[in-house]
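Q: Here the protein sequences line up with chains A, B, C, D, E and F, keeping their order.
Reading the first sequence from the start, the letters are residues 1 to 439 in my numbering.
Reading the second sequence from the start, the letters are residues 440 to 878 in my numbering.
Reading the third sequence from the start, the letters are residues 879 to 1317 in my numbering.
Reading the fourth sequence from the start, the letters are residues 1318 to 1429 in my numbering.
Reading the fifth sequence from the start, the letters are residues 1430 to 1541 in my numbering.
Reading the sixth sequence from the start, the letters are residues 1542 to 1653 in my numbering.
Note that these hints are calculated values from the structure, not bench results.
Cβ coordinates follow ideal geometry from the N, Cα and C atoms, glycine included.
It cannot be assumed that every hint is accurate.
[Said to hold, decoys possible] Simulated DEER-style distance windows between Cβ atoms: (1) Ala1292(C) to Leu830(B): 49 to 57 Å; (2) Gly1295(C) to Gln1580(F): 22 to 30 Å; (3) Leu849(B) to Ala1426(D): 44 to 52 Å; (4) Asp1500(E) to Ala1563(F): 33 to 41 Å; (5) Ala1563(F) to Glu1479(E): 19 to 27 Å; (6) Asp1608(F) to Asp1384(D): 18 to 26 Å; (7) Glu100(A) to Lys1166(C): 43 to 51 Å; (8) Asp1443(E) to Leu112(A): 51 to 59 Å; (9) Thr1533(E) to Gly1295(C): 58 to 66 Å; (10) Trp774(B) to Lys1357(D): 43 to 51 Å.
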Amino acid sequence: MKFSMPQVGLMPKVGGLGALASVLLFATPAFAQEFDTGDTAWMLTSTALVLLMTIPGVALFYAGMVRKKNVLATMMQSFTITALVTVIWTIVGYSLAFTEGGAWVGGFSRFLLSGMELDAAHELAGTIPESVFMTFQMTFAIITAALITGAMADRMKFSALLVFITLWSIFVYAPIAHWVWAPGGWLRDYGVLDFAGGTVVHINSGIAALMAAYVLGPRIGYKRENLAPHNVGFTVIGAALLWVGWFGFNAGSSVNADTNAGMAMAVTQIATAAAALAWMFAEWFMAKKPSVLGAASGAVAGLVAITPASGFVTPGSALLIGIIAGVVCYWAVAWLKPRMGYDDSLDVFGVHCIGGITGAILTGVFATAAIGGKGFDGLVDGDSAQIVTQLVGVAATLVWSGAVSLILLLGIKATIGLRVEEMQEREGLDIALHGESIA
Amino acid sequence: MKFSMPQVGLMPKVGGLGALASVLLFATPAFAQEFDTGDTAWMLTSTALVLLMTIPGVALFYAGMVRKKNVLATMMQSFTITALVTVIWTIVGYSLAFTEGGAWVGGFSRFLLSGMELDAAHELAGTIPESVFMTFQMTFAIITAALITGAMADRMKFSALLVFITLWSIFVYAPIAHWVWAPGGWLRDYGVLDFAGGTVVHINSGIAALMAAYVLGPRIGYKRENLAPHNVGFTVIGAALLWVGWFGFNAGSSVNADTNAGMAMAVTQIATAAAALAWMFAEWFMAKKPSVLGAASGAVAGLVAITPASGFVTPGSALLIGIIAGVVCYWAVAWLKPRMGYDDSLDVFGVHCIGGITGAILTGVFATAAIGGKGFDGLVDGDSAQIVTQLVGVAATLVWSGAVSLILLLGIKATIGLRVEEMQEREGLDIALHGESIA
Amino acid sequence: MKFSMPQVGLMPKVGGLGALASVLLFATPAFAQEFDTGDTAWMLTSTALVLLMTIPGVALFYAGMVRKKNVLATMMQSFTITALVTVIWTIVGYSLAFTEGGAWVGGFSRFLLSGMELDAAHELAGTIPESVFMTFQMTFAIITAALITGAMADRMKFSALLVFITLWSIFVYAPIAHWVWAPGGWLRDYGVLDFAGGTVVHINSGIAALMAAYVLGPRIGYKRENLAPHNVGFTVIGAALLWVGWFGFNAGSSVNADTNAGMAMAVTQIATAAAALAWMFAEWFMAKKPSVLGAASGAVAGLVAITPASGFVTPGSALLIGIIAGVVCYWAVAWLKPRMGYDDSLDVFGVHCIGGITGAILTGVFATAAIGGKGFDGLVDGDSAQIVTQLVGVAATLVWSGAVSLILLLGIKATIGLRVEEMQEREGLDIALHGESIA
Amino acid sequence: MKCVMAVIKPFKLDEVREALVAIGATGLTVTEVRGFGRQKGHTELYRGAEYEVSFLPKIKVEVVVADSLADRAVEAIQRGASTGQIGDGKIFVFDISQAVRIRTGETGADAL
Amino acid sequence: MKCVMAVIKPFKLDEVREALVAIGATGLTVTEVRGFGRQKGHTELYRGAEYEVSFLPKIKVEVVVADSLADRAVEAIQRGASTGQIGDGKIFVFDISQAVRIRTGETGADAL
Amino acid sequence: MKCVMAVIKPFKLDEVREALVAIGATGLTVTEVRGFGRQKGHTELYRGAEYEVSFLPKIKVEVVVADSLADRAVEAIQRGASTGQIGDGKIFVFDISQAVRIRTGETGADAL
Ligand SMILES: Nc1ncnc2c1ncn2[C@@H]1O[C@H](COP(=O)(O)OP(=O)(O)O)[C@@H](O)[C@H]1O
Ligand SMILES: Nc1ncnc2c1ncn2[C@@H]1O[C@H](COP(=O)(O)OP(=O)(O)O)[C@@H](O)[C@H]1O
Ligand SMILES: Nc1ncnc2c1ncn2[C@@H]1O[C@H](COP(=O)(O)OP(=O)(O)O)[C@@H](O)[C@H]1O
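Just chain A, with the same shape it has in the complex (with noise of 0.2 Å):
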């Protein structure tokens, strides 16, 4: 028996406060008796998938726009993250985000994972064991952190990354995740909608970016030496496992194989095709060469703004959509960033900051009932009033995730320091942090 409540993702049908009541009545584990094999094939599927986003997907992608001296550490960067991350978030991250709490944190009911059992489910996700949600949702916090590292490559220290994840992860990314998606979420309530994690993971982490390429400080040459990526088919490999991994991301946030996993698959694919056309065409009329590590960003940047309205939006708005996101962060990368004057290495802000905005915006303007259900209006079906919504998100996501990060990392700086020494800088991070190099 399939759990009968009708779900679009992780979003409740109705905003409000009468729907986190209707959800929390089946917060009993007396449901969770039957499980749906191919739910939770999918789901066990979406999570290997989303895993596969950070390693070996964000490593490749980062790794190949930095200098050679610097390939391994880089990779570690991802690869420690995504163990750090998974222990964090067994030990407190999961409780802190997905338990019942109040409107701005969950509690420590599942704190070490206690009380999960092994025929346990959650209430967001009745037709699957808990033990496959709390995974599936373990790796969106992991890729989540792993995408904040392209704003410190090149002279972030090893030690002072792992504190600053550390605590990034329990004070910044499990309380935004339980505003928008756990029951009693405040933006949740609100109303805000976020597919697959738009603010979530993208806005976040590209805020969070900002704040470190501000705090840390420019690589040494910037803007004097040759810092080019010294690999971009390294980037390009990346890009791909990221574009496959994304099915499980944005599909697999339907939390069900369903028609809903299904569109959102589909409007997933046609969006980011699109904005990778979009901003190749764009580099190509303005620099004149479409560039392979365009091409690859633009990919990203659609993914990152279809993220949010994966599951509430058409094909044929998918495909605006792209367009938009890659024009707008193409925008973002070649003209503004040079304007601002920080070095955001490899441009976190500029494609998941903006995209993450630039689709949030986006979801609230095409949003639509006939995709993601009764309740679920944008602009199109005219319902303007979703748009305030998605920025009273945006913004709440800026602040929050602006402000602490900003102090964590003064924090840290203030006492173990952020940066490596100029000498280790120059050698190469692999060299200097890791004792290793490549041939």
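Given chain A's structure and the hints, the job is docking chains B, C, D, E and F with the ligands onto it.
A: Relative to chain A, chains B, C, D, E and F with the ligands alone:
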């Protein structure tokens, strides 16, 4: 409730117009209300797997075989084609290929995917949402186009490629997919067996590649300079990802997570392994050393050859199909190609077209009702006519794809030109076309 | 309808002959008519994931650790073994491992997979087609053989490798898989717990690797020349793919998309992360720097150790298993190996054998009926005898695999020879054996 | 003896080698280098950041010959390497005071 | 003519090139090399096995100039490459007996 | 001063370095090169297409020493690099007219 009509992949249970009629009875959206989560889960996964075949699969497979100065441009071809064909498929390709029309091509009822509602289903895949079926088929259109680029390596103009692929996807891929798989398609009605795309994907891309090699002319230095693959390691990784992804290609073509999918996966694995060993031993015997490129190429040859047969044959037959394909394709690239005098740089014709023809014929030999179901008999079951039927399918594909590809290529050559300048080719396409290079 | 007998992976619910008898009641093809599409979907996916572990996973993991002149030869080993073991498994391996026979080895009833009809099911996996079960198990046979090659790096003759792997798969892998997993296998009846292959895959390959290192002798220059890994980046990518693929390995070993699969995935993720961090911190403390190779190795150590336990333990126990495995395996390669004087080049013994033994014992400690079901208690549930049972399993595997591997290796050495010529080793295996090189 | 060193375009290496062998050179050593000169490099643009790549890939060829062969070696390289276009490269001639074949210890012209 | 060859720290290449261009050098050739000297290398530790990496990455610059320019070229390189720290590298000056521009056949100082 | 340049087999580098250090050389520079000579290359065959790889991987060692040390440096390299087999390589000796240590500006033998 599962869709009750027994199915073998996309093939009708019995050939001819009778099957068509019976299939059409189901062509109403009514039955689309209840999908099977297991089937849907598998088809979502299969779609991701087939996408993985192109990016990063084909991208790596081909990039490893070119010279270092063309690595990025080669990856760019697969990456951009993924985006481009996605958009074309969304706008018009899917509609032309898979809606009812006539024997030759579908109609425009799914133009821009209009009418593909959340709970729509396609008659060929009644247990999964149409959004999934559409995207799954999209990944086939993508890889077919990407495969062609192997013949164009190191000298194709990027703009010309985009124009060619756009037209080719509309005028060659969509019709042939319609002929073979769509209800009403003439080759389907004629009884041609092609479980997962031996004709539609491999013969089709292989003959188009031959035309491209012919119209483009050989690379500068062909047969004089050292054009050896710069990194067979990438090619092995690419072949490995093709192998893994092909489970989605062949077992996914069952469109259900059923016994046919299981057997298709088993025979795919077996034929591929046999072909890899066959090519390797053939080369070891003829050229004195078993090359790594040979083993990888043999695996791909096996994958190609088992593709049309994968829903119809036993494991024992798969073993034979693999051995034959490995030896035949080795012969095609090592003996036949040098005697034909064209420069099909990465052997698309030798591996995909010859391998596809081998597979198509052997499907006629080894198809058995024990696996494919009633009506699917080949020579081993005593139906010697099936081989003739298969040859008609092969010939039709060769003629249409060959002729239209040739016309398109000559047309582009006469207008915007197909090939880069000599100095650009010397300098390498990475810098000349995309302004990037690998350190 | 699902197969009604509750199952924990391939393990019987109760040990001993009683279980065997009850299982055998189901060993008729009758129940095979109705499969579960969700279970089938997950097992198709799991098979793809485990294949991904070997190619490109192990291929990259190992290739990154050798010198540049041996990269292709190293990849070739994994790639060819994939093909070779597939054929052996098809012909005779599956039959010997998984058909009824005696306590020691199966029979020939599935010789060349005869009798594996389209709708056949294996008694261990009643809800999926036997074709899927057979292929899933095939991928285990493949990776076990491929893992051994890490001990042979840089000096093994390719022809000797093919002969060794052929014999080893038949005389070592198939029997041990039968002992531990097949109904009637003596270690299974004895009550040994091995959810996903700690003994069958890891101890087995690890001890065979030690024998290979011993018989082959050290690489030229061992302990004198710089034999450092040429590209730890590849190793990280390989480890990442192993990690992702291992979800199929462990959660797939549930053979259902059920609560056991979900919990197996969760504990796999947690133990792996803990082990990666444990190795990293241990190395950071001992050797002053946290190496990238160390983090990757720690992850693999964690994956190995959780493998036998993955269906029986809680997340909290997984955390402990990971920490212990990370530290123990670090000790095994950094302290123990230099004192043993053999050249297990890529540490198969230290990571897989020692990690596997650690996991086998800890399974005896941490197995709990709350996860594994009635009858699956370890020390934490008060059953101290389970540890002894586990040790019997370890010892049996060490003795049989060690002894037969040694005999096979000595036999090959005495006949066709195991090792390449000195000049070939100096020149590098890529050119010497395969006539190829990386630019 | 003379060491004739040339910086040439990479795709001309095979022709240069053949030309040198033709005049009797028995060995040569090549290095991948990057050159800066009259031939312009190119600009690479990554997400809006422009990097001037002023160095172009070149091949350095070193061939040691007896004094009597030096002029012919220079001519041979010139013949093999020339395309008539900018960036074809340079040839420099150094004096060598000694040459030794490691394997045999032969010295002077015998070592070549 | 002189061939001024310098082994420098990699990140100093751009400054050296600019300094050389400033004094009128029209071309130069660079090679990635590894150097052993007073500046210590480092140790790499792979799973307990220690490897001494005694060679450090360096860049070799070769610039051929007319005799009259040689001293200024040496100075320019020194200015561009110096950090004042160990491992800054060396400059060596060789005599050149002939120079040829492949494209035109010009010789001597005209070839540079 | 002399610049002793040797082309050797790659796996002999460590022995050569040790031999040079033993006789008092304080620094050296190595380059990965490819060599063509009496030692044959090999053939690579890719899907039936044969490519002659005539160049073999070699290491070039350059060490600048005072005139008085030149002969011993040659001997040291020979000792370290010799296997007695074809392809062991060559040693060439160049004159150097000047040497400068970039860091300090020291010149001549002091710069080494
Ligand atoms: N003075 C020089 N010293 C050392 N190398 C030089 C010098 N001038 C040119 N080269 C090398 O020769 C190459 C070709 O020189 P360039 O000036 O571009 O063209 P051309 O040889 O046609 O005059 C350069 O890329 C550089 O490697
Ligand atoms: N005698 C030498 N012959 C050739 N190259 C040398 C010699 N001495 C030093 N070098 C090169 O110069 C580099 C810097 O030398 P080093 O002794 O480390 O520092 P410094 O230049 O400050 O004295 C070395 O890495 C090496 O490449
Ligand atoms: N005349 C030469 N000029 C420059 N390099 C040479 C010359 N002859 C040989 N070499 C270098 O020395 C290496 C070894 O030479 P080779 O003739 O193969 O063997 P051997 O040193 O035993 O005579 C060659 O690969 C090449 O790099």
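Q: Are the hints correct? Go through all of them and say.
A: Tested hints:
Between Ala1292(C) and Leu830(B) the C-beta distance comes to about 53 Å, which sits within the given range of 49 to 57 Å. Checked against the hint of 22 to 30 Å, the pair Gly1295(C) and Gln1580(F) passes, with Cβ atoms roughly 26 Å apart. Distance hint check for Leu849(B) and Ala1426(D): the Cβ-Cβ separation is about 60 Å, which falls outside the suggested range of 44 to 52 Å. Between Asp1500(E) and Ala1563(F) the C-beta distance comes to about 35 Å, which sits within the given range of 33 to 41 Å.
Distance hint check: the CB atoms of Ala1563(F) and Glu1479(E) are about 22 Å apart, consistent with the given range 19 to 27 Å. A beta carbon spacing of about 22 Å between Asp1608(F) and Asp1384(D) agrees with the range 18 to 26 Å that was offered as a hint. At about 45 Å, the CB distance of Glu100(A) to Lys1166(C) agrees with the hint of 43 to 51 Å. Distance hint check for Asp1443(E) and Leu112(A): the Cβ-Cβ separation is about 54 Å, which falls inside the suggested range of 51 to 59 Å.
In this structure the hint that Thr1533(E) and Gly1295(C) lie 58 to 66 Å apart at CB holds, the actual value being about 59 Å. As the Cβ distance of Trp774(B) to Lys1357(D) is approximately 46 Å, the hint placing it in 43 to 51 Å holds.
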